[in-house]
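Novice: In case you want the letters, here they are:
Protein chains: 6
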Amino acid sequence: MKVSARNALKGTVKAIVPGTVNTEVTVEVAPGVEVVSIITKASADSLGLAENKEVYAVIKASDVMIAVD
Amino acid sequence: MKVSARNALKGTVKAIVPGTVNTEVTVEVAPGVEVVSIITKASADSLGLAENKEVYAVIKASDVMIAVD
Amino acid sequence: MKVSARNALKGTVKAIVPGTVNTEVTVEVAPGVEVVSIITKASADSLGLAENKEVYAVIKASDVMIAVD
Amino acid sequence: MKVSARNALKGTVKAIVPGTVNTEVTVEVAPGVEVVSIITKASADSLGLAENKEVYAVIKASDVMIAVD
Amino acid sequence: MKVSARNALKGTVKAIVPGTVNTEVTVEVAPGVEVVSIITKASADSLGLAENKEVYAVIKASDVMIAVD
Amino acid sequence: MKVSARNALKGTVKAIVPGTVNTEVTVEVAPGVEVVSIITKASADSLGLAENKEVYAVIKASDVMIAVD
Numbered sequence: 001m002k003v004s005a006r007n008a009l010k011g012t013v014k015a016i017v018p019g020t021v022n023t024e025v026t027v028e029v030a031p032g033v034e035v036v037s038i039i040t041k042a043s044a045d046s047l048g049l050a051e052n053k054e055v056y057a058v059i060k061a062s063d064v065m066i067a068v069d
Numbered sequence: 001m002k003v004s005a006r007n008a009l010k011g012t013v014k015a016i017v018p019g020t021v022n023t024e025v026t027v028e029v030a031p032g033v034e035v036v037s038i039i040t041k042a043s044a045d046s047l048g049l050a051e052n053k054e055v056y057a058v059i060k061a062s063d064v065m066i067a068v069d
Numbered sequence: 001m002k003v004s005a006r007n008a009l010k011g012t013v014k015a016i017v018p019g020t021v022n023t024e025v026t027v028e029v030a031p032g033v034e035v036v037s038i039i040t041k042a043s044a045d046s047l048g049l050a051e052n053k054e055v056y057a058v059i060k061a062s063d064v065m066i067a068v069d
Numbered sequence: 001m002k003v004s005a006r007n008a009l010k011g012t013v014k015a016i017v018p019g020t021v022n023t024e025v026t027v028e029v030a031p032g033v034e035v036v037s038i039i040t041k042a043s044a045d046s047l048g049l050a051e052n053k054e055v056y057a058v059i060k061a062s063d064v065m066i067a068v069d
Numbered sequence: 001m002k003v004s005a006r007n008a009l010k011g012t013v014k015a016i017v018p019g020t021v022n023t024e025v026t027v028e029v030a031p032g033v034e035v036v037s038i039i040t041k042a043s044a045d046s047l048g049l050a051e052n053k054e055v056y057a058v059i060k061a062s063d064v065m066i067a068v069d
Numbered sequence: 001m002k003v004s005a006r007n008a009l010k011g012t013v014k015a016i017v018p019g020t021v022n023t024e025v026t027v028e029v030a031p032g033v034e035v036v037s038i039i040t041k042a043s044a045d046s047l048g049l050a051e052n053k054e055v056y057a058v059i060k061a062s063d064v065m066i067a068v069d
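Top line first, the protein sequences correspond to chains A, B, C, D, E and F.
If you number the first sequence the way my numbering does, the last residue is 69 and the count never jumps.
If you number the second sequence the way my numbering does, the last residue is 69 and the count never jumps.
If you number the third sequence the way my numbering does, the last residue is 69 and the count never jumps.
If you number the fourth sequence the way my numbering does, the last residue is 69 and the count never jumps.
If you number the fifth sequence the way my numbering does, the last residue is 69 and the count never jumps.
If you number the sixth sequence the way my numbering does, the last residue is 69 and the count never jumps.
These aren't lab readings, by the way, just hints derived from the structure by calculation.
Be aware that a few hints might be false.
No more than 25 Å apart at the CA atoms, straight line, and that leaves these computed lysine-lysine pairs for PhoX-like [as the list claims (entries may be wrong)]:
no. : chain 1 : residue 1 : chain 2 : residue 2
1   : A       : K41       : F       : K14
2   : B       : K14       : C       : K41
3   : F       : K14       : B       : K10
4   : E       : K14       : D       : K53
5   : D       : K14       : E       : K14
6   : C       : K14       : E       : K14
7   : C       : K2        : A       : K14
8   : E       : K41       : E       : K14
9   : E       : K2        : D       : K14
10  : C       : K41       : A       : K41
11  : A       : K41       : D       : K14
12  : E       : K14       : D       : K10
Remember, it's a predicted structure, so these values are computed and weren't measured experimentally.
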């Protein structure tokens, strides 16, 4: 399945913190560059996520803000 | 200003494509890893964006989906 | 690719209205039930969208609000 | 009240799963076509949601992604 | 229609700037406090928006970030 | 840090309700006008939020819907 979201950053699962409804997933997309994701626990289970698994962090371009110092 | 969004990836502006209302900004957050952002033209102007400028790609954790092959 | 978004409604492209930056895509997910999507023109081109093509309308559960009369 | 979100799919509540902060609501928008929503528990209570109640699944067009196989 | 979004700020339309696809609407929700919204032009037309019209700025709680100086 | 989100409403924290993963923050942006935000508990802790603290409610223009009666 190919999705219209513009960003699909390939990475490795570094940490998974399950809550009751949501699960926090940390993905390393480059050495030292991590992206934190919160998805439903049902989705995390359905995807079979585990540490070191290869995944994509998928982000719509309109959900990326830009900030400057 | 410090914001509650969990992800603030430091990077460099690689490309700016202005439209009439929105502007597309490409940020390199690691060698070969780019994030595409769409913000309003007014915001892009207000931030003084330009190629090679140092910026942050700011993304809420709940806006990051996870995908697997 | 399998994505963490909870909703992936199978449907058929009914209409495509391209703008300069964004494209509006109407998907029929059941007889008489249509979902309108706005994606970037770049994504629409990349997906090879065309009328009558089978697609999925992918929506995160947290982006679905509930309303009552 | 009429809202600017482009999609308001009429349906019936099929299931409600309350959490501590959020509630998961499943809406059948056509026979066999279900949309899962996560809203705050406060909103779910305020709307008086219950199984078989008629509701609308309200979704902004920009929150609908398109995927192809 | 009552919607699950937690915030519905009553206000007055101060400005409408139509684009080709999107329209920018500025709503004054308190003296000197304005909220800028971008909705599709189709929605703006359908709602019959005009300057000085009473409207609500509707925002999901999960779309409100917090920042500190 | 200056961010591309169009809305940054200055206000005062009126209430903080912590959950296990998320925290609900109520901000008064004008006398009698409150905005409810849900952010991760980790973000709330990191920002050092407390009642009566001055904060900004930061909202992207595309996340503001318009409704009429």
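Novice: Decide, hint by hint, whether the structure agrees.
Specialist: Results of checking the hints against the structure:
| no. | hint | result |
| --- | --- | --- |
| 1 | A:K41 - F:K14 | 31 Å, violated |
| 2 | B:K14 - C:K41 | 20 Å, holds |
| 3 | F:K14 - B:K10 | 32 Å, violated |
| 4 | E:K14 - D:K53 | 38 Å, violated |
| 5 | D:K14 - E:K14 | 41 Å, violated |
| 6 | C:K14 - E:K14 | 36 Å, violated |
| 7 | C:K2 - A:K14 | 19 Å, holds |
| 8 | E:K41 - E:K14 | 17 Å, holds |
| 9 | E:K2 - D:K14 | 19 Å, holds |
| 10 | C:K41 - A:K41 | 32 Å, violated |
| 11 | A:K41 - D:K14 | 20 Å, holds |
| 12 | E:K14 - D:K10 | 32 Å, violated |
Of the numbered hints given earlier, the model fails hints 1, 3, 4, 5, 6, 10 and 12; all others are met.
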